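With the hints in hand, could you dock these two chains into one complex?
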Amino acid sequence: MSAVLKKELKIYFSTPTGYIFMGFFLLISGFFFAVSNLFPASPNYTLVLGNITFIFLVVVPVLTMRLLSEEARTKTDQLLLTSPLKLTEIVLGKYLAAVTVFVITIAVTVLYPTILSFYGDIPVAETLGAYIGFFLLGCSFISIGLFISSLTDNQFIAAVVTFSALLLTWVIDWLESALPTDRVAGFIFVLILVGLVCAWIYLTIRNIIISVSAAAIGAGAFVAVYILKPEFYDNAIVRFFKWFSLLSRYQKFTNGLLDLSSIAYYLSFIFVFIFLTIRVLEKRRWS
Amino acid sequence: MVKLDLKSIKSSFKTRKFKYGGYAAMLTASVIAILIVLNLLVGQIPAKLDLTHNRLYSLSKPTIDLLKNLKKDVTIYALFPTGNENPVISEFIQKYAEKSSHVKIKYIDPYKNPGFVKKYQTSETQIDEGSLIVESGNKFRVINRYDMVDYSYNEQTGESNVTGLTIEQKLTPAILYVTSDKSPVLYELKGHGEDTLVRLGISSEIEAANYEIRDLNLLTEKSVPQDATAVIVISPKTDISDIELKKLKDYINSGGRVMFLMDILKDELKNFNSLFESLGVRLEHGIVMEGDNNYNAGNPVWILPKLESHDIVNPIDLNNMYMLIPNAQPIVETKFKKRTITVEKLLTTTSNSWLRKDLTSTSLSKEKGDKSGPFTLAVAITDKADAFNTKLRPRDAKVVIVGNATFLNSQFSKSVPGNLNFVINALNWLQDKKDTLQIQPKDLTTFRLNISTTQAMVWAAITVVGIPIVILVLGLTVWLRRRHL
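Sequence lines, in order, name chains A and B.
UniProt numbering applies: residue 1 is where the first sequence begins, and numbers increase by one.
UniProt numbering applies: residue 1 is where the second sequence begins, and numbers increase by one.
Hints were generated in silico from the structure; no laboratory data involved.
Here the structure is a predicted model, which is why all the values come from computation and not from measurement.
Built from N, CA and C at the ideal position, the CB exists for glycine as well.
One or more hints might be untrue.
What the hints assert, rightly or not - Here are some of the chain B residues that sit facing chain A, going by a computed Cβ distance under 8 Å:
(1) V31
(2) V88
(3) I105
(4) I108
(5) D109
(6) R448
(7) L472
Said to hold, decoys possible - A few chain A residues that face chain B, going by a derived Cβ cut-off under 10 Å, partial list only:
(8) G18
(9) L26
(10) S42
(11) I106
(12) A107
(13) T127
(14) N154
(15) E176
(16) S213
(17) F241
One chain only, chain B, in its complex shape (with noise of 0.2 Å):
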């Protein structure tokens, strides 16, 4: 009972309580707090060892570059529902913050702040849980959670494995691209049914290589945009306006940069051939096979091109990645060109190769009729400044031409890291590129152990069964031992 007359509150001064207890409570209460204090204390240490073996939680060179000489604030939103933070995408995170005091990292409960998200979201993307937002004054890229990993698709059990982090390739890029004042902007073509960069699963690929992606329509536009840094067309189903045509003519004449991805089609695009023609190549109706094994992925259709020597394709090379490319067409040079144009191969199949002229024939093996390789997948046209006319052309034409759209479908771009790098080499040569962000994923594949069944059942039953049991028994014989002593 709690006396509250003054007495009994003077005298509660007095008792045995308050004087031992009050000395313990003070003492207890201190040394708590400042136990606290000294771990806040130490939390503001940023002391973290990183023990993995791919060093996951440590930034690359570039990106410690890129961060010290930061001169804007950079606010990163990570959508996590709250408690629910991925650990590993934390400790990244963080990293850049703790490298730059202009990174500010935010948590953001996307399902309690739903009017957040919308703030961003456009009718192609989707911004899932687990997303980050990089934002930068009114510039901002989402990295989606699934662009943060990399997989590898196991043709025979169709599962797919996470291979590698990617989140570093991602998110210094997007830092770069939100501080940057001016982005490379790659203008798609539509409408002639071409697939998008999106539908190919690829485009924030090329959005973290730093490209604003826009559609160009040529029939509404007068001409292709001044600010365009290159045009992609990307496997389109029926053929280019003879307007378009000399609208994209004009473009390249004046040193504009395209990327031409052409798949096999029923019929010929004659206007889109007949641009070509002027560049000196043609594409030649049919599918090529590849019949050696070395160059094929188990099927002749399914092409492992050999790369030849071009600054596209010698990065793959050096990194020990391989392309794949199904159902190819192949270019041919034209007898005659203008001699301003140079035309260099980019990928080739063997001499083992063929031509298969009918499409409706199913047979795996040459046959009559069929012509021999080697063949040539892509190449790389240059068409020279011209020297006396300026005006006409003031810089350099560039164009990339891939007898294939395909290998970019995020069947084979996912899982052939090759595919997409070719892709974004080409575009960097495209814009005259040298300098390009190189990040390399994390690789966190882990290999497995060379154990056999036995050995591995042997294992188990001394761990699960054998040492329990010693000890178990171990302690059965002491209590025995004592309870009949």
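Chain A with its partners taken away, still in its complex shape (with noise of 0.2 Å):
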């Protein structure tokens, strides 16, 4: 894992990529930080780390859009897949190298924070925490694009994929307050979703019988749920989103919040991501 992270990390900064990813960074969340908190005199640096999540559609994509995609393109992926090395090793040391160039990046903003800390009080424990929560947040999203990654044999298509899909992330936050929240949505949303599961089902393993079953049990069990319990289904679908949004978790961070439940969920979104990344690249063994 340690020769992937290695070579990976070589590339980021032998190449303008790793440059790109920084130097945008470091652009845009010192303007905020001049506006936010030098000027204002204001020691409140939760601020700025709320406002610059944006930052992670441009930047994420440029950071993973090569990770995987590149190897498949220069056919190196064939290599790696038949090398000594496991599966598991070879996505970890890759998603570790673009998490490292994120970690080096906001290490370099620690200095704002220090700078405030010059002139007055700050308040640390939320500014700590608000850092948590961001970095947990940015690691989300590089596993996200680590995925995407895996799937074409074209950067720019990773890139543009990435920033479609993260742009979805806010997209959907924003529209949840238009989204309808009566039972009969919720319940139609629920059975779309056993559909798109069982489709996938079939995709994957091209078997009728089994999928069909599949979609009858899941159909089954909700209808009994509605039946039963027709208030589960009362603002189903806004829940549902808000439930899996990685960006209403982090405002708790900023709002001096820290949160085991939004810990959680971080991490295993980034396992899943990891997982299925691996999965991706399993199948072309046997595909």
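Dropping the structure here:
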């Protein structure tokens, strides 16, 4: 794993990628720092961390687009897949390389609150908590980028799709108040989800009987819930998206709360996408 | 193409895709399912660490005690459009539900359920989006969104800033109110151009101190109602009639409790003054002006009164609060008064103050004909219970008189916390209440950094321009060097 990590880090800092990521990140965060802390003389640095999350939209695709798609393009993935390294090690190494660049960058931004502390008291615990959230949010986005990079052999496509996927996380949050909240809409939404899961099952195994029976069992269970406990479907769509939303959980950190369930969610989110990436590579071995 | 004949279905169980894909799909699905269940379980643990320096999300001891002893079910309705909840308020009310299984929280979208809000609306109150409704049984209380934060008003810039979070001070008494069987009733005298607590914008604060506010019209009522805990008279513009005077006197004589807030008028209110004189005091006509700059707010008519030693004003002093009273008239003790009466001073001015008799004069300094201070601006009067005739006066009568009502205008009461505190303390004193639910507001003021504009400019230049340029130059050199290899 460390071999992959070292190789990837070397690539980041011998090509413009790492510098573009760091430079752009620090430019924007520095700007927000100056505008919300330095000029108004405010010690509240958590505001900056709360406001600059949109940078991820632009910089995460830059950071992750190359990770696996480049290997596929240059056919070096065949070498990797047949190497004695385990798939988990390869994927983790690549993921940790991107995370390392991210950590180096936010380590530079620690300079900002340090500057503020020269001129007065700053809320240390709140700032620390906001950093933990910021780090976890960034790592989650990077895991999405890694996964998307494994799906294509074109860097550019990987970047665009990653950008769109991240944008979707924002858009869903914005649209929450416009989503339908009544029971029937919630019920239909759940049925659509069941349908999607079954479609995915069919596409992977091409077996109609299992797919249809899964659909029947799923739909049956949710119909039963609808009859026994219809209030389950009130606000179901909004609750679903809110629960899965990376950004609404991040808000807790910037509000000064260290929330165990949010930390657990981010870690599982990262785990799932690394796992999915491994599955995608695994699939190349047998299909 | 999907073929649905038996043979192809049978064979579909034997393909490579089924074998590997089925295994892969099962694995993926079970990993995701396990993680979701795990997260749902973790979500049940209310482990949240409050990192804020002012313990923003932590409940104070009186609230925790109340919640522990809660016996009745309480529902808190939070009126937010779905998906647009205020995270700070949501976190905060969540704490209440975590501490007591009797507290339920329901989010109601006020735009999708307009009928729901209507149920709680009265002609005088407006329920905005973002408000809370606390309900238990058939009692409820509305907490307006604007009452959950404290604002400070900057006179120079005209800006108001959020300075504190007061959700807890409103929510905890509201729960106490809806779960208690009886709550003290405060009657507001009406019919003489009085101001009202609603119009002054402080009704929610009085309700938060758990008073039920009702109107009192002494012309139609036979007497002050039996259930009255106290009567409040706010800035009457015309005098009371003789009948009303008698009813008020009877009430006081039978151990009643009244608070008078009297603004300066052009003419004297004879019946009011005769009532006051029976209590051993009298209002003196004129405006008190304070010459000592430590005791005025930049203008001699804006008095920062001296707080004397009394249960009503001591808490204000203890909490380092002050009061601001504009355009006050003085209260003088009469030479002769009943032996059962004691008059205690609450708010006074310095000897550097004077009384402006001529209300048309615009001069802000002492003139000839102005009477010299010190003056008393507020008094607390106790008329001892009659030990021999308990029928006439079964308990002490208590009266608070303030030579001003303007200090309760939202302009003053919202920015000077001592003003409101005074009224609530006075009401508590009137109903002999000692153990008040005192929850301090959460301080939200962030202190400014002691950084000069030049220093800020330098740091801004370093962080916005310096650091990114260094990195870009570094990147460029690495890239160029590799290109020319």
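Hints and how they fare:
Because the closest C-beta pair between B:V31 and chain A is about 6 Å apart, less than 8 Å, the hint holds. Hint status for B:V88 relative to chain A: holds, with the closest Cβ pair at about 6 Å, below 8 Å. A cut of 8 Å between beta carbons decides the hint on B:I105: the least distance to chain A is about 13 Å, and the hint is violated. Here the hint on B:I108 is broken, as its CB sits about 11 Å from the closest CB of chain A, past 8 Å.
Interface hint status for B:D109: upheld, as the beta-carbon distance to the closest one in chain A is roughly 7 Å, under 8 Å. At its closest, the beta carbon of B:R448 sits 5 Å from a beta carbon of chain A; the interface hint therefore holds under the 8 Å criterion. Because the beta carbon of B:L472 sits about 5 Å from the nearest beta carbon in chain A, less than 8 Å, this interface hint is met. Nearest Cβ of chain B to the Cβ of A:G18: about 7 Å, under the 10 Å cut. The hint holds.
With its C-beta approaching chain B no nearer than about 5 Å, A:L26 sits inside the 10 Å limit, and its interface hint holds. The closest approach between the C-beta of A:S42 and any C-beta of chain B is roughly 6 Å, which is under the 10 Å cut-off, so the hint is satisfied. Taking 10 Å as the C-beta cut-off, the interface hint given for A:I106 is violated, the closest approach to chain B being about 13 Å. Hint status for A:A107: violated, given a least beta-carbon distance of 12 Å to chain B, over 10 Å.
The beta carbon of A:T127 is positioned within 10 Å of a beta carbon in chain B (closest approach about 9 Å), and the interface hint is therefore held. Taking 10 Å as the C-beta cut-off, the interface hint given for A:N154 is violated, the closest approach to chain B being about 22 Å. Using the Cβ-Cβ criterion of 10 Å, the hint placing A:E176 at the interface with chain B is satisfied: the shortest such distance is roughly 3 Å. Contact between A:S213 and chain B, as hinted, is not supported at the beta carbon level, the nearest pair being about 12 Å apart and thus beyond 10 Å.
With a least beta-carbon distance of about 8 Å to chain B, the hint placing A:F241 at the interface is held under the 10 Å criterion.
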